[in-house]
Amino acid sequence: MKKSICLYFQVHQPTRLRLYRFFDIGKDSHYYDDFANRTILKRIAQKCYLPMNELLLEAITKSKGKFKLAFSISGSALEQFDRYAPEVIASFRKLAETGNVEFLCETYNHSLSSLVSPQEFAHQVGKHKAAVEQYFGVTPKVFRNTELIYSDAIGKMAFDLGFKTMLTEGARHIMGWKSPNYVYNNDFVEDQKLLLRNYSLSDDIAFRFSDRGWSEWPLTAEKFVDWLHGAEGEIVNLFMDYETFGEHQSPECGIFEFMRALPEFISKDKELEFVTPSRAAAKHKSIGDLSVPQPISWADEERDTSAWLGNELQQDAFNKLYGLEEKLSILNDPALWNDFGHLSESDHVYYMCTKFFSDGEVHKRFNPYDTPYEAFINYMNVLSDFIIRVNNAIAEKQ
Amino acid sequence: MKVLMFGWEFPPHIAGGLGTACEGIVKGLAHNGVETLFVMPSASGDEDQSCATILNASDVAVQHVSDTVEAFLDKVKFINVDSNIVPYVDPEEYFEAIERMKREQTRETTVGFGQKFKFSGKYGANLLEEVSRYAQVGGTIAMQHAGEFDVIHAHDWLTYLAGIAAKELSGKPLVVHVHATSFDRGTDDMVDTRVYSIEKRGMEAADRVVTVSDLTRNIVINKYGIDPGKVVTVHNAVDFSGRENLHVERGVHDKVVTFLGRITFQKGPEYFIEAAAKVLKRTRNVRFVMAGSGDMMQRAIRQVARLGISDRFHFTGFLRGQEVQKMFALSDVYIMPSVSEPFGISPLEAMRSNVPSIISHQSGAAEVLKYALKVDFWDVDAMADDIYALLQYPALSDFANRQGFDEVNALKWNNATRKLKKVYESVVNP
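For the record, the sequence lines run as chains A and B. Quick note on numbering: the first sequence equals residues 1442 to 1839 in our numbering. Quick note on numbering: the second sequence equals residues 398 to 827 in our numbering.
It should be emphasised that the hints constitute simulated quantities derived from the structure, not laboratory data. Be aware that a few hints might be false.
To be verified - DEER-style ranges, computed between Cβ atoms: (1) A:S1770 / B:K678: 52 to 58 Å; (2) B:K723 / A:H1471: 19 to 25 Å; (3) A:T1812 / B:N615: 38 to 44 Å; (4) B:H644 / A:T1580: 55 to 61 Å; (5) B:H758 / A:T1812: 30 to 36 Å.
Cβ atoms here follow ideal geometry from the backbone N, Cα and C, with glycine treated the same way.
Let's have the full structure, built from the sequences with the hints guiding it.
This is the structure:
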């Protein structure tokens, strides 16, 4: 049996909030920085999504169908593509038409609902599934939760929604002596298979590729294929943000050349083959249960949820938002659900993270605010206006 | 009566409340028949000169250094000028000042005698250097204008050395005016000793020390060891002429309780937050606003989040110009829970905007405001009680509102400066 190489790229763009002052509360209920969202999206489309999609399409054609990979595109990102850069959707659709690209399901707004609300989780998963069907004409079969957040219970929730395969992080504190290079199953549900990210090899591309201080710099496709050969096990899962290509790693560092060469080398290799997550689950048997009582994720050194809910600011904002759920269900107003969805994007609480020391670099890179405090103040001002709208609507209904 | 007055700033370009107070004093003195020659480090030329002649210290060359000046300057030369020291300044201003100073440092430190010294007139990084240069210029001005004034008046420690130099060279009596002391800027055990020594020297050299409240008078007597016989309180006033209250349409239907000022230890922000949490346990139809910025802001935000009230407690950041009026117009209750406040002009502004105010007993304003509600800064239960009462009982808030409005309108600089004129007279003709 050839060793499987499973590539999956995450595509997500947050709906950034505008500078929302106390004076705006109750007066102006447009919360989003449309200019920043459009500008950033268009820039990344030019630097990453469009050229990279073209590159991948070429590689698939060249490999005569041997090159396979998967994407998960959040609903928030899809909305922005639709609004500001529909050509990106068209280029993803071209990839979908090859049949070699799988689209995964996630929570529509890249939210943390799995940690707090099974109802909202189910709602967002359903919404995302419908969006993928609408845009790409395929029904997603495999689930990846926001930031690869996973626990036994979250896996079970996804299973109950019909997902027999799920992706998560091969977090060291969960794996212990076990290798992420095999397929495991959910501790609660034997029939749910888990694909675990090989963080070392994934981060070699996503984080270290252009690092000249790294002893392995420069990384070439030959060298990387050697490492894949050397990796003990049946499958190597390379999961990373799609923005790695062209955005986090600049074109000048040779990341595109690397990604052009890699599929060629692997396709020709006698011991390696590309698989999609669905194919991986069909091909490999589970070698055992994996117990994950507490949620894990792919973020930061801790690989837990502390990047989003680690301090009192984040917890307060998070609790205040999800405290509205019951009222929203009573109202069932599409406009309110829509704003609730955008406010539930995990990015907003991520900006309030105060773990500046070990992972500060990564946090800073993605943060439009100067300090976590500014992020919190702005978010709470927006949320306060939203709460007023919800309460007014409830009062009207009564 | 003519007075040579040393200030640090004058409207329209002001960073703190000192400039506003100086303008009020100068106008009030004019009303009482006192002419003022006002010296400031960096005049822009657009100051209102109808009541005083404004001298720009940056235009004065230090040339004829007499023996006495030499001797005096020897005394001030030991002042260390290399470290950052910043009185009443907001963080943004501080940051900008530091950046500007860094750029300008080289040029400014090479200025010598016989040349003009370009003052920034701000509260920046090389403030102490400016203070000692200002003293040199002050002495020169006193000589150039000898015979044109009867008394010297210096506002706050920044100008005390200039006042002393002027006194030594002209032989005229000196009045120093204490708007704030080191003890209002730091805590008891964290006082900047360099500033303290300048303050003490100024008060000792002065013939009279004027304080803005009895609270400050006690500090001057107890902490600086100044003879009580020469310390006189002249309470601040406020000039509301030409001011119309803003009418702003409200976005929120809840009542709004506002704290406005620097978020620093002295202003007691944490007591306000605790009181807010207590009020919110009782009633939900209220929002709290902390307007301003400062070194305690991050701690305050954490405290709010920890108490779980961040959907009802808002931060606006630093407010400028018109935004302050807007904030008052949106408020139902104003609160100043200061731990130490020499005077505190903001509750006067709030009351003038028809906002009933709660202030701490530890503020100088408490000595003059009968119709503000008063609590001890640490008594968060009493504070919560007062907030609740003002929100829930219209009879109380209407009364406080109406009476407070009249009360602050009666606090006129004309009256305060009449008292100041008496102080001048007591030193000119002892």
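Now for the hints, and whether the structure bears them out:
1. A:S1770 / B:K678: 52 to 58 Å: With a Cβ separation near 27 Å, S1770 (chain A) and K678 (chain B) fall outside 52 to 58 Å, so the hint is violated.
2. B:K723 / A:H1471: 19 to 25 Å: holds (20 Å)
3. A:T1812 / B:N615: 38 to 44 Å: holds (39 Å)
4. B:H644 / A:T1580: 55 to 61 Å: holds (58 Å)
5. B:H758 / A:T1812: 30 to 36 Å: holds (35 Å)
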